[in-house]
Amino acid sequence: MKKLLLFLSFLLFFPAVPVIAGTAPTISKEELKAQLGSENLVLLDVRSGRDWSSSEFKITGAIRSPGSDFATWSKLYPKDKTIVLYCA
Amino acid sequence: MKNSFFLSLALGTGWLISPESLVIAGNAAGQMGVLTIPVLAIVAILLGISGKCIQQAKLVGNTGSDILLLDKLTGSIPATAILLTSCVPLTILAATALLVSCGYTFNEVFLYWFPNFGFSFLLLALLTLIQLLPERLLLRVQLGFVLTTVTALLFLLLYGISSAHPVMKSVQHSPEVTTFTSALLFLLFAGSSLTEKKQSPLLIPIAGLLLFSLWTVTSLQYVSPQRLASSTIPYMTVARKIMGDPGRQIMGVAVITGSCAAITTLLLICRRILNNQTSSDNSSRTLLSPGKQRWLLPPLLAIISGTLMATGLAGDELLEVLLRGALILWLFQYTCLCLAALLQIRQEKQQLTMAGSVCCIVLLFSLSFLIFKDPHRSELLIFIISMFAAANIAAVGLFYINQRNTSKESKETTSTKENTP
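Taken in order, these protein sequences are the chains called A and B.
If you count by the numbering used here, then the first sequence holds residues 1 to 88, one letter each, in order.
If you count by the numbering used here, then the second sequence holds residues 1 to 421, one letter each, in order.
Just so you know, the hints here were simulated from the structure itself, not pulled from any lab data.
Only true hints are included.
Stretch-level coverage of chain B by chain A, calculated; a stretch enters the list once three of its residues show a Cβ under 8 Å from a Cβ in chain A:
| # | region |
| --- | --- |
| 1 | 225 to 236 |
| 2 | 310 to 321 |
Derived CB-CB ranges, DEER-like:
| # | chain 1 | residue 1 | chain 2 | residue 2 | range |
| --- | --- | --- | --- | --- | --- |
| 3 | A | Lys58 | B | Phe6 | 36 to 46 Å |
| 4 | A | Ile83 | B | Leu132 | 47 to 57 Å |
| 5 | B | Ser230 | A | Leu41 | 24 to 34 Å |
| 6 | B | Val177 | A | Lys79 | 42 to 52 Å |
| 7 | B | Phe114 | A | Leu41 | 24 to 34 Å |
| 8 | A | Ile83 | B | Phe110 | 23 to 33 Å |
In this text, a Cβ means the ideal position worked out from N, Cα and C, and glycines have one as well.
Let's have the full structure, built from the sequences with the hints guiding it.
The structure is reproduced here in structure tokens:
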């Protein structure tokens, strides 16, 4: 029984290990604040489902573009603009 | 007596005080305005009357368990399947959804640097370990979750009512009572039948009516109906408007403990359903042995919920559809129990109450509205049908194992008797 409990605890805790993020360019909160309202900025909220609905932090003016629809919305925005994706 | 009353309240209100219920109530308040209160009163009265019918049917038919009551309406395998579909999918999906919400709340309200999913998994592990406690202790922990949540909510509400705040004037908004939103209010009371047998079936509906009436009035005083109706987290918006940052923190505590209370209640419902006796014979077995109910079921359900979270269901709109489907399955089981109760009362030549029949009709209408007026009804129907198919297979499996164990035991008893000089 002890072994079973140990195994179950491992299974429960294992996914909690933080995932190591890739090296995508990031923008700080202050940098983004300074650019808000600029015509050159496209701010996309790529969260979907409960990731979006449970969050209290939703940036005014951000366009909801769920990650699952990437193929559709990625063609909509001009490449010469600064496109910021907000995911968490 | 007092102890039993509070434990009953703690068990039955688990889902009622969860953030999911606060969202349903908040959106309804936004859409129907103060008319939510009379609609909620009707829902509470209907649930109270149907609960009384079920209680009376169990008494006159001498059937203590839900399976035996449903057995007369559907037969034993479908009866078990109906009970399984009412609790297992709801426990798994609600745990997934609630834990994700808790993760975000903890991250955004308390510790910004703490990973939200890390918190969700830690809470899942904690709630699973709590299930392994002896039932007496587990019920006290549940009482602690419920008391903390109710205290936090009441503090916010009373502070909100007592503060001098200008009443929010609804601009170009006419409250409208819709059948779909009214039917949704039934879903606030999932798991409310999990009370001690001697308690009045009106206890939880009345508690819910009082809490949500207060909630509706206060919410409408602080937040515009349009915003309440469209918000995905109306409870947090209301809390922030009432008290600012401290309000968010108090609501944060209520969200986390309310989710813990809801998940503990749902896991206990699963255990109680599997504790049903398979026949009216007093010596008959339960669907799952008590040891397995405690040691196997909670970790198994927790692993499934954990896997769903890890595979990204939380980030999928499908989770909301499936959760609604699971709640509808609970309401379906409740409606079946009500129908079976009426049948039982009629068979025993007891007086069939008009109110009981009306309850059944309203429940059936609400069910059809919730399914057929849902924007994702095809996905919802596929989910409901597949859950029934899976539950029927599981029910057959449980009955097979049960019969095998019973015949094994009777053989052993016979051989022991033969060997006795």
